[in-house]
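Visitor: Protein chains in written order, with this note's numbering: chain A, 1 to 259; chain F, 260 to 597.
Hints were generated in silico from the structure; no laboratory data involved.
On a predicted model such as this, the values are computed, not experimentally measured, just so you know.
Where is the CB? At the ideal position from N, CA and C, for every residue including glycine.
Don't take each hint at face value.
What the hints assert, rightly or not - Simulated restraints on C-beta separations:
no.	chain 1	residue 1	chain 2	residue 2	range
1	F	Ala372	A	Gln175	36 to 46 Å
2	A	Leu6	F	Arg477	47 to 57 Å
3	A	Asn182	F	Ser440	30 to 40 Å
4	A	Leu6	F	Arg270	37 to 47 Å
5	A	Ala128	F	Ala372	33 to 43 Å
6	A	Leu190	F	Asp352	28 to 38 Å
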Amino acid sequence: MSVADLPIVQLLLVRVREMWREPGVLFWVFGFPILLAVALERDSGRVDRLDASEEKVEAAGQRYIDFLLPGLLGMNLLSGGVWGVGWALVLMRTRKLLKRFAATPMRRGDLLLSFVLFRIVVSLIEAAFLVAFGILAFHLWPRGSWAALCALVVVSALSFAGLGLLISSRAQNSQTAAGLMNLVTLPMFLLSGVFFSAGNFPDWMRPLVKALPLTALNDGLRAVILDGKPLAALPLELGILAAWGIGSFLLALRVFRWT
Amino acid sequence: MSRMDSAIRVRSLVKRFEDLVAVDGIDLDVRVGECFGLLGPNGAGKTTTIEILEGLQRPTSGEVELLGLPWKAHASELRARIGIQLQETELYDKLSAQETVRLFRSFYPRRIAVADALAQVDLTDKKDAWVQKLSGGQKQRLAIACALVSDPELFFLDEPTTGLDPTARRSLWEIIRAMRSRGRTVVLTTHYMEEAEKLCDRIAIMRKGKVIALGTPRELIARLGAEEIVEVESEPALPASFFCAIPGMAGVHADGAGFRLSVREMHATLPLLVDALRERSARASRLTTRTATLDDVFVELTGTSMGEEDAIAEQARAAAQAGRGGRRRSRAETEEPA
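With the rest of the complex left out, here is chain F:
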């Protein structure tokens, strides 16, 4: 990839906080015009990574270049050329949507009309409504309008759909697709595998500060060696070895009370599974089939699902805070490394 095509170039990026490594030596290349997803459970280092890319946190070590320019020497130029939506920004409650966009617009040398920015996020009807009157999805769209208004070449969206209802999520997906179709580069972090599959050209899966997989959604799923999944619970419960013995089985993972089976050819393996259960006089109390998703990739790579990792991260965080008597809570809130 030549310099011209590179929107983001990261080499050996490390971010260390007092007692933990939030980003542990990652390399990333994002091409101009692609939608790139950073995925992973809570505490994987996504937000720290994206905030370093946005110039909001300084890396402990490593190189970061945006649009061919290193952050250090070109901070103000880069700030003018990127558009940002942060996790959890609350805009002024008592400003209207268009007043808010106009405020942000005033900071940038390059500008589009306020009305255009609002139209792109479908908020024209709400232009005079105060921020406090907007729904969660509308607020998030307004935050994106504030990023759009400088017509940036590169967008950073940090969990843009977290906490939104399905309709609001879908309308944000449309906005993100529209950015891409105008040739803009988009980097987004998300929690939702399904969202990344739908939106992203390429994905990096992060875990504990490292990139553990990188590729197109299709490549990552193909890496499973099996694109179909059977979820099964039996009565009486049978051991993993029983399922492993069935021909055509590519992977067996415990999943709640039952198992999640990766299967190469559903039509060949499913009858064998049913026969094997019958031979053991066992009954399938639950049996569903579906195609593999990125979540299955995550399970395959880590042995746990993202939801479970989140729960573990939450527990560790709660324990750490209790142990420290809340002393460092303020830092955890601002930088969210753990």
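Looking at chain A on its own, in the form it has when it is part of the complex:
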């Protein structure tokens, strides 16, 4: 039997084919963050020019785009994880494919593993793509190590895949699932410092905001990309991401519905 006929390989191929054969998905994953970066950078550029005396603001590392790009990467990884895993699983449930799989001797963990592995690979590609875009378009070279950046991306992929799995674990139709996914992702887009610093919220909100997984990822990405911090300097961020990931997986495995 060839490796290609292992269940996990076949299940991974499904994920790759579904994404590759759906051009719209490729746009949202790769095109959209770049459009957003370009649009917002132009916008902030105009504001900066009013403040013409501050030439130094334009130095790499202190521009708005430097703040924005890691945030957009974090946002993209979150929505990719939640929608990529959650939406696909809910469709499989409404189309009775999960039920069909449950009737085979497929090891149920293999299906979940295929989603997690796929998200790790896609997250790394997404990150590489956006970082390359930052370098080419804005000369934004990450200051920290590539290893630290990759490790952060992998941990966040696990964490967000877990969230997607949990959100989709019981939803019986795609409207409910879409509502739940928006409910989880939209507040984080606003609160977790994607477009503006999360430090501006009132004191009482800060611990809550800090505990969100996207805040942890954005803070971590900025620490590595902008400040050149090593992984060892980010125990809190990694811990928060891991806790969300492990917590959601454990809970999802208990409540997941195959029918």
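Chain F: place on chain A using the hints.
Guide: Relative to chain A, chain F alone:
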């Protein structure tokens, strides 16, 4: 029947949902190598029964053994030895036929070649076509190829031909006959009496969670006591008692504007019927004769045809949903008990 010959053995099977009994204490024995049909109108409990046999739902009580093994202790072995086609499964739109079969094949310890599975359902030409490009009948055949690919001993097909055009139905019948001729056991549910007569060695007719008749199609029809049917409408309309009085009449059932008459000997009874109509100065506005079918058996057993039962079940379901404000709709969708 010895254990060796038993493909399925069910005793006192009950499945209860919150407020209704979907399967109400049934016993079934299916022999190795036979094609066994579960028939009945919507809501009779066919799908619930077959899903319990497939290990997808747990019974409330009762025993279920497949291939001599109880489900509880041998779930993963049984999953590897049975092949399933579910009602309403939609495969991945953007996978090709052969990619889909290869995916399912990877789950099983015993496998046949992907090309063989596709050839058995006559989809070789479509092996590279995406699922979304296939017709309804081709999709259904692909679903069956996914079941065939593990070379199972026992097939479960849940309404495999519902919604298909006549040509597509006939090609599925050929596939099912081929399974049987290779010595495999097939259990299928269907809506169509005619399909069951053509395919099944034995049939269980279900209604409201119970098996109300069991036997070969021929036995069931013979149980009518009459194998020929006259459908008649008269002008002016005549009462049932008029038809009952005619010698040789075995059964009289109202059917739309007229009556459905079960007749033992057509050649003897038909002239008497025509004479009786003439004596009353009545005219037969419609008069057709045919041989009895399983549908007539169903009418004889229940007083209504399957189509009417379906309509009643649909109404009850709609009323129940309206009454509950859709609260439990999601469950009804997944388990279809009502």
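Visitor: Work down the list of hints and note, for each, if the structure agrees.
Guide: Hints, one by one, checked against the model:
no.: 1; hint: F:Ala372 - A:Gln175: 36 to 46 Å; verdict: holds, 41 Å
no.: 2; hint: A:Leu6 - F:Arg477: 47 to 57 Å; verdict: holds, 49 Å
no.: 3; hint: A:Asn182 - F:Ser440: 30 to 40 Å; verdict: violated, 54 Å
no.: 4; hint: A:Leu6 - F:Arg270: 37 to 47 Å; verdict: holds, 39 Å
no.: 5; hint: A:Ala128 - F:Ala372: 33 to 43 Å; verdict: holds, 39 Å
no.: 6; hint: A:Leu190 - F:Asp352: 28 to 38 Å; verdict: holds, 34 Å
Of the numbered hints given earlier, the model fails hint 3 alone.
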